[in-house]
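Student: Here the protein sequences come in this chain order: A and B. In terms of our numbering, the first sequence is residues 1 to 115. In terms of our numbering, the second sequence is residues 1001 to 1113.
Worth double-checking, as some hints may not be accurate.
[Unchecked claim] Listed below are the simulated BS3-like cross-link pairs for lysine-lysine, each with C-alpha atoms no more than 30 angstroms apart in a straight line:
hint, chain 1, residue 1, chain 2, residue 2
1, A, K70, B, K1057
2, B, K1057, B, K1013
3, A, K55, A, K73
4, A, K78, A, K114
5, B, K1057, A, K73
6, A, K55, A, K70
7, B, K1057, A, K55
8, A, K78, A, K55
[Claimed, not checked] Examples of chain B residues lying across from chain A (beta carbon under 7 angstroms, computed):
hint, residue
9, G1016
10, R1055
11, N1056
12, F1060
13, T1097
14, F1104
FYI, nobody ran anything at the bench for these hints, they're computed from the structure. We put the CB at the ideal spot given by N, CA and C, even for glycine.
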Amino acid sequence: AQTVTQSQPEMSVQEAETVTLSCTYDTSESNYYLFWYKQPPSRQMILVIRQEAYKQQNATENRFSVNFQKAAKSFSLKISDSQLGDTAMYFCAFHLDNAGNMLTFGGGTRLMVKP
Amino acid sequence: KAGVTQTPRYLIKTRGQQVTLSCSPISGHRSVSWYQQTPGQGLQFLFEYFSETQRNKGNFPGRFSGRQFSNSRSEMNVSTLELGDSALYLCASSPRTGASEAFFGQGTRLTVV
């Protein structure tokens, strides 16, 4: 079974600053995907960024980028130029390829962006 | 294109009752997954349906069940409700099983009293 761990329950950052959220995972499989989802107070989970395990290049989406270290089983999210609208719960998630659509989530990190 | 629609948004039930939640996926999507979110246990996978068949099931008791209709809409049912079933239930829609992207609805907040 796969496990996902987010060791930072809460974090805060000043507006316009950069913040990094940590995620580690455990799996014996080699083909998988990793995701960061954002859950604002509206409760809807929104996909922030996706990383395929077979790709060595780190994914980026505008102000969001990841540091994917496959050997270390680490998948951190960097948010640059933080905005007030980034305030939310952030979840790291694991998806095993060829195993349906089941996602395994970490416990989440609550991020507060301060003006 | 309409997103994932979950109904109802809020629900209050009494212990021992049963409840049915509904999820309409994005048009053209054939896979629907359900998750339970609680402060204590976090986000846990309940089950996935694809083409009216259950593909995967999480570690939940048999009181939790689901089904999918030919139009891909899905329902989940919880029988003999317990206080611990109070949670946010999230539905995720994907174009196919094994897809690497899921789109979530806003959830149904179930409170059991």
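Student: Are the Cα positions of K70/A and K1057/B separated by 30 angstroms at most?
Tutor: Cα-Cα ~28 angstroms, so holds.
Student: Classify the hint on F1104/B as holds or violated, based on whether any CB of chain A lies nearer than 7 angstroms to its CB.
Tutor: Hint on F1104/B: holds, closest Cβ of chain A at ~4 angstroms, below 7 angstroms.
Student: Is it true that the CA of K78/A sits at most 30 angstroms from the CA of K55/A?
Tutor: 18 angstroms, holds
Student: Tell me if G1016/B is really an interface residue toward chain A, meaning its C-beta lies closer than 7 angstroms to one of theirs.
Tutor: Violated, because the Cβ-Cβ distance from G1016/B to chain A comes to roughly 27 angstroms (cut-off 7 angstroms).
Student: Can we keep the T1097/B interface hint, with Cβ of chain A closer than 7 angstroms?
Tutor: 5 angstroms, holds
Student: Measure nothing beyond the straight line between the CA atoms of K1057/B and K1013/B; if it is 30 angstroms or shorter, mark the hint as holding.
Tutor: 24 angstroms, holds
Student: Hint check: is the beta carbon of R1055/B less than 7 angstroms from a beta carbon of chain A?
Tutor: Since the shortest Cβ distance to chain A is 5 angstroms, the answer is holds.
Student: Need the status of pair K78/A, K114/A: alpha-carbon distance at most 30 angstroms?
Tutor: The hint holds at about 17 angstroms.
Student: Does K1057/B pair with K73/A here, judged by a C-alpha cut-off of 30 angstroms?
Tutor: 26 angstroms, holds
Student: For the pair we were handed, K55/A and K70/A, check the Cα-Cα distance against 30 angstroms.
Tutor: 10 angstroms, holds
Student: Within 30 angstroms, alpha carbon to alpha carbon, are K55/A and K73/A?
Tutor: 14 angstroms, holds
Student: Under 7 angstroms, Cβ to Cβ, is where N1056/B needs to be relative to chain A, so tell me if that hint holds or is violated.
Tutor: 4 angstroms, holds
In terms of the numbered hints stated before, the structure departs from hints 9, 12, listed from lowest to highest.
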